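S.K.: Sequence:
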Amino acid sequence: MATPASNRALPAINVDPTNKPYFDAAREGRLLIGLCKDTGKHFWYPRGCSPFTLSNNVELVEAKGTGTIYTYTVMRTKEPYSVAYVELDEGVRIFTNIVDCDLDSLKIGQKVKVVFKPTQGDSPPATMFTPA
1 MATPASNRAL
11 PAINVDPTNK
21 PYFDAAREGR
31 LLIGLCKDTG
41 KHFWYPRGCS
51 PFTLSNNVEL
61 VEAKGTGTIY
71 TYTVMRTKEP
81 YSVAYVELDE
91 GVRIFTNIVD
101 CDLDSLKIGQ
111 KVKVVFKPTQ
121 GDSPPATMFT
131 PA
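The UniProt record's numbering applies: residue 1 is where the sequence shown begins, and numbers increase by one.
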């Protein structure tokens, strides 16, 4: 029997000056990741300093929004959902939810694409993934 992903209510996201550019892009349907300009390496989560060099020589760049499921689990609660690490095509891994699918059909290595799900109030959308 299939286990459909639930459409549970998502709490509002707190936006502050350090994450506002990321969430502004999410409202536009764009996924941003960090880029260390000293090493040329991408990183997640986007922030003002590089996790590789601790330098502030970083910028936000648009990701393709596609990747593969690195690992996942299905939470079989009253409203089932899946949490996963998705490895983006750019090489970084994001802890996220897999949505809009039969949770029993998920597989490690499966191709996925980003989707932005509404949250409560006027809050920006949450970054999640669905099978490609």
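It cannot be assumed that every hint is accurate.
Stated by the list, open to error - Straight line, CA to CA, 35 Å or less: simulated DSBU-like cross-link-like pairs of lysine-lysine:
| # | residue 1 | residue 2 |
| --- | --- | --- |
| 1 | Lys111 | Lys64 |
| 2 | Lys41 | Lys78 |
| 3 | Lys41 | Lys107 |
| 4 | Lys78 | Lys20 |
| 5 | Lys41 | Lys111 |
| 6 | Lys20 | Lys41 |
| 7 | Lys78 | Lys37 |
Said to hold, decoys possible - Computed spacing ranges between beta-carbons, pair by pair:
| # | residue 1 | residue 2 | range |
| --- | --- | --- | --- |
| 8 | Arg27 | Tyr85 | 34 to 42 Å |
| 9 | Arg8 | Thr39 | 14 to 22 Å |
| 10 | Lys41 | Ser105 | 30 to 38 Å |
Hints in this document: simulated from the structure, not taken from any laboratory. Since the model is a prediction, treat every value here as computed from it, not as a measurement. We put the beta carbon where it would ideally sit given N, CA and C, even for glycine.
S.K.: Against this structure, judge whether each hint is valid.
M.R.: Now for the hints, and whether the structure bears them out:
1. Of the supplied pair hints, the one linking Lys111 and Lys64 holds, its CA atoms being roughly 13 Å apart against a limit of 35 Å.
2. Under the criterion of a C-alpha separation no larger than 35 Å, the hint pairing Lys41 with Lys78 is inconsistent with the structure, at around 40 Å.
3. Distance restraint check for Lys41 and Lys107: the Cα-Cα separation of roughly 27 Å lies within the 35 Å cut-off, and the hinted pair is therefore satisfied.
4. Of the supplied pair hints, the one linking Lys78 and Lys20 holds, its CA atoms being roughly 33 Å apart against a limit of 35 Å.
5. With a C-alpha separation of about 22 Å, the suggested pairing of Lys41 with Lys111 holds against the 35 Å cut-off.
6. About 22 Å separates the Cα atoms of Lys20 and Lys41, which keeps this hinted pair within 35 Å; it holds.
7. A threshold of 35 Å between alpha carbons decides the hint, and for Lys78 with Lys37 the separation of about 45 Å lies outside it, so the pair is violated.
8. Evaluation of the 34 to 42 Å hint for Arg27 and Tyr85 yields a failure: the beta carbon distance comes to about 25 Å.
9. At roughly 38 Å, the beta-carbon separation of Arg8 and Thr39 lies outside the given 14 to 22 Å, and the hint is violated.
10. Taking the beta carbon of each, Lys41 and Ser105 are about 33 Å apart, inside 30 to 38 Å as hinted.
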